[in-house]
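Peer 1: Sequence:
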Amino acid sequence: MTRDDLLNHLAFLDLEETPTVEVYILDQPVDSENGIDLNIYKGRMHEDLDQQIIDTFYPKIRSRLIRRQYDLIPYNPALTPDRTVNWFYPSDEVPFYGIVLEKLAELDDENPIYYDNTTLPYSDIWALWIKLSIQGNDFYFLRKITPQKVLDTGGKLALIFSQTVFRKLDQNVLTIDGNFDVFAFNGTLIFENKTNFEKTLLYEEVKRQVANETLDDIQSIDIIENFDELRGFLEDDKHSINKLNKLREKEYFRQKTFADYHRIIRDYGVPVTVDEANGKFNISSKAEAKQLIKVLNDDYLKSELTDLKYSANSKEETNANA
Numbered sequence: 004m005t006r007d008d009l010l011n012h013l014a015f016l017d018l019e020e021t022p023t024v025e026v027y028i029l030d031q032p033v034d035s036e037n038g039i040d041l042n043i044y045k046g047r048m049h050e051d052l053d054q055q056i057i058d059t060f061y062p063k064i065r066s067r068l069i070r071r072q073y074d075l076i077p078y079n080p081a082l083t084p085d086r087t088v089n090w091f092y093p094s095d096e097v098p099f100y101g102i103v104l105e106k107l108a109e110l111d112d113e114n115p116i117y118y119d120n121t122t123l124p125y126s127d128i129w130a131l132w133i134k135l136s137i138q139g140n141d142f143y144f145l146r147k148i149t150p151q152k153v154l155d156t157g158g159k160l161a162l163i164f165s166q167t168v169f170r171k172l173d174q175n176v177l178t179i180d181g182n183f184d185v186f187a188f189n190g191t192l193i194f195e196n197k198t199n200f201e202k203t204l205l206y207e208e209v210k211r212q213v214a215n216e217t218l219d220d221i222q223s224i225d226i227i228e229n230f231d232e233l234r235g236f237l238e239d240d241k242h243s244i245n246k247l248n249k250l251r252e253k254e255y256f257r258q259k260t261f262a263d264y265h266r267i268i269r270d271y272g273v274p275v276t277v278d279e280a281n282g283k284f285n286i287s288s289k290a291e292a293k294q295l296i297k298v299l300n301d302d303y304l305k306s307e308l309t310d311l312k313y314s315a316n317s318k319e320e321t322n323a324n325a
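Everything in the sequence shown is counted per the numbering used here, starting at 4 for the first residue and increasing by one.
Keep in mind that the hints were calculated from the coordinates and are not lab data. Predicted model, so just to flag it, every value in this text is computed and none were measured. Any given hint could turn out to be false.
Below, a list of computed lysine-lysine pairs in the DSSO-like style, where the Cα atoms sit at most 27 Å apart [stated by the list, open to error]:
| id | residue 1 | residue 2 |
| --- | --- | --- |
| 1 | Lys159 | Lys210 |
| 2 | Lys249 | Lys289 |
| 3 | Lys147 | Lys63 |
| 4 | Lys134 | Lys159 |
| 5 | Lys283 | Lys202 |
| 6 | Lys202 | Lys253 |
Let's have the full structure, built from the sequences with the hints guiding it.
Peer 2: Below is the structure:
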């Protein structure tokens, strides 16, 4: 997807037609025998709330995706560009997104379950999905709810100035400011903050699963003497999980040998313990485990200008014909 493609999809913002607006409330997802399960409720809205939601979200999407300068690039969990970026990613690569859409389709049957704050208090709401439908197209604003979004009046004196008098605010309030973690449409997810995206759509679990599969591949090439220790050092480290997700996409690391990696470690002075007699690496710390993954991920480079060898903190593929 290009930025022009995205702007074409955002043309609905300038239509005179008012979209249909629906609000869905998600509670905490839980693991079940069939995967991930959760309850979703439809929000029963006041007659003027449709327009209020539009007035709240339209300026945000204009400022973030239309007026602002940014690069639109494919999501890569291991990439940290040093520039302003919005990411895009196919929604069918995110299992949780499909689960929620299926449940929304069921919820929109003849007898939807409407939200009731006595059943699910504001403080227990996990996320909001706001759906806009216009000219046969559906757009979603996804927002993970945090405690800061709930104004809890318990034990507090909260006053509202109403016309000429103060009155007490005696009910908790769920606040929505128009910001969104993910904007979804036509099989595409758009987001700026990768951490918020990963939390909102449970993509952290997908990344962890991919990382474990990559570790299995590393184990199969038999270059590590104490592999269980390596796995233990890396399986809960967020940075390493990102590296392992990036590594998963590459074929070369499965075809290289101990001698190939040993040469890099020796030439670049990488602090990893080597058992030359057995032709394997012996990982004794988390720091060593992370250094080895950097070697497998081809993160050690030679300068074209100085011939100096160094570790790359950020590396992106470039198009030689660009």
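Peer 1: State for each hint whether it applies.
Peer 2: Evaluated hints:
1. Lys159 x Lys210: The given pair, whose Cα atoms are some 42 Å apart, is violated under the 27 Å limit.
2. Lys249 x Lys289: 19 Å, holds
3. Lys147 x Lys63: Status holds; Cα separation ~16 Å.
4. Lys134 x Lys159: Roughly 34 Å separates the two Cα atoms, so the pair is violated.
5. Lys283 x Lys202: Since the Cα atoms of lysine 283 and lysine 202 sit roughly 37 Å apart, the hinted pair is violated (cutoff 27 Å).
6. Lys202 x Lys253: Answer holds: lysine 202 to lysine 253 is near 26 Å, not above 27 Å.
When the structure is compared with the earlier hints, violations turn up for hints 1, 4, 5 and for no others.
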